[in-house]
Amino acid sequence: MVTRIEQRWAQLRSQKEKALIAFVMAGDPDLPKSGEIVLALAAAGADIVELGIPFSEPILDGPVIQRAGERAVRKGAFVPAILDLVKDIRRQSEVPLLLFSYLNPILRYGVGRFAADAVTSGADGVLVTDLSVEEAGPYVATMRLAGLDTVFLAAPTSTDERLRRIVELSTGFVYAISRVGTTGSRDTLSSAVAPLLSRLRQITSLPLAAGVGISRPEHLAALAPLADGVVVGSALVRCIEEHPGDPAPHVAALVRSLRQGFAVQ
Amino acid sequence: MGGRFGRFGGRFAPETLMHPLEELEQAYIQARSDPEFQRRLDTLLRDYAGRPTPLYLATHLSEHLGSARIYLKREDLLHTGAHKINNCLGQALLARRMGKQRLIAETGAGQHGVATATVAALMGFQCTIYMGEEDMARQRLNVFRMRLLGAEVVPVRAGSRTLKEAISETMRDWVTNVENTYYLLGSVLGPHPYPLMVRDFQTVIGKEARQQILAAEGRLPDLLLACVGGGSNAMGLFYEFLNDESVAMVGIEGGGRGARLGEHSARFHGGSPGVLHGTYTYVLQDKMGQISTTHSVSAGLDYAAVGPEHAMFFESGRVEYTCRSDTEALEACRMLSRLEGIIPALESAHAVAEAALRAPSAAGQIFLINLSGRGDKDMEILERELQL
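Protein sequences appear in the order of chains A and B. Heads up, the first sequence is in the numbering used here, so the first residue is 1 and it goes up one at a time. Heads up, the second sequence is in the numbering used here, so the first residue is 1001 and it goes up one at a time.
Treat the hints as calculated values from the structure; they're not laboratory data. Hints may contain errors.
To be verified - If we take Cβ atoms under 8 angstroms as the criterion, some of the chain B residues that face chain A in the derived model are:
#	residue
1	G1010
2	A1013
3	T1016
4	H1019
5	A1158
6	G1159
7	R1172
8	V1175
9	T1176
10	V1178
11	L1220
12	G1274
13	V1275
14	H1277
15	G1289
Computed from a predicted model, the values in this text were never measured in an experiment. Glycine included, every Cβ here is placed at the ideal spot set by N, Cα and C.
Based on the provided sequences and hints, a complete structural model is requested.
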């Protein structure tokens, strides 16, 4: 079974285009607005949307996404409500959706039940931040059987041996963490990203997306020759935080301006 | 070394930390089998920390409570005032061996922070300690102590502003500075190899206690008692007695001020298996998988997860886990102070409270309590709560 995520990459490849992947926290600033945000992102040219599931202990996230998680939790954005949100979005859009979570909310919901309900609601894949490849065996089997992509993180600190296991377990794409550190916008790109992408390129034909610390059109321009796509998260989340009343048009404008980066190359 | 304790434990961490954890495991395996490493550690434990600690027969306490003979393993007499220094000396030697320049650590009660700041001063590391704002307020003197030792103490303002948030923030620092920084985790928690390594560094408690009780009584104790926050002092005592079937063990969690979620920190009385801070174990969480806030009068017990090896012993039944309330711990603190002239840390007072409940019906038995820390740090809380 080919997921919407895989279909989108195939399309982009045939058109020789790069993917802009947008991360937002589900339920930030609230559940209905977060649905509007995803639709606006898709309309503005986001190729894949990563929908964050909030967790009380987000150890990989910087302050911007931490705050978004706290807002989402206050609005009741837990797994059941988020799967309903996915259902609503899916009625109106075919944008590929990747659920982005820490492990515990999924464990609590039940991995098998989560996989089944995520597929039914119209999600296309899952990325679990704190699930290492060592611990991922049964999880991967369950998600695959349900028809979901399993995206894994690769890091500048990963050894070649680890990267091999990461690409083996990944479907859809591989998420290359562009720098050693937590999520959050940075002024400059890390020098760690190019070597990581080239190491991954040697061992896989999966699409490679670079994320963490990417917030400006010039970052996209710099990454376009190296990666198949880029993930922008904190910059969008901050934009939502700054426009809690009507975030959708503002994030849409930001996505359009970021996309200009790809045009520069 | 699989990193599993039955179905618990493991290594659940962001990919950025996975290879550093592998390196840590390798470095630890090498160090553990290096006689020179062990010799240095033993020397520091003896000459710097003050080991071996005495095993003291608390005769007045024993008489007061009935006919059990109650021994106290005096970890409170160690340098810096608690058992935490055992682990800190071991891990700091390991960090130096790995060529790291900077130590970071979380702290709840401040005892692990003080012990980490102490070994950092001793061995010339830069040192940053993360501490919840709530804990900084209730353990003010320990904050100053860490600063006096040259450490930077960073307040953590998220969530309940206690140990849980301090660990999250320490992990973020480690994710960012992993190349030159060593995360000196203070309990038998976190991703593999920490639960195993911290346990190993604390087993010195049980090794000494075993010899000492045999010398004093000519037999093993009937019951071991220790408080359980993350569970390092309990694991350090219990581990050497696991194969002695005649020795019963009880771990005491923080019962706080009530049985509702958020009012206590008793993971085995209201928690369920989950993943927090890198390990699969019993966790206090809500039905959506969000980690609960916790409460205990003792900051060192005030945490939502418990060491994964304890989770295994809980399910196998080898160790019994119970909890004592804030009030019971405060009362036990006062009792031990009056009867023996020993002021225990509020954490350790939970174990004394459990002994007080069991001793009256334990004629002829030998109890061995791990008195894991001293109460100096708790003076402000004690003054407020006991109103003497």
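- Task: Would you pick out the hints that fail for this structure and give their numbers low to high?
- Result: Violated hint (a single one): 11; every other hint is consistent with the structure.
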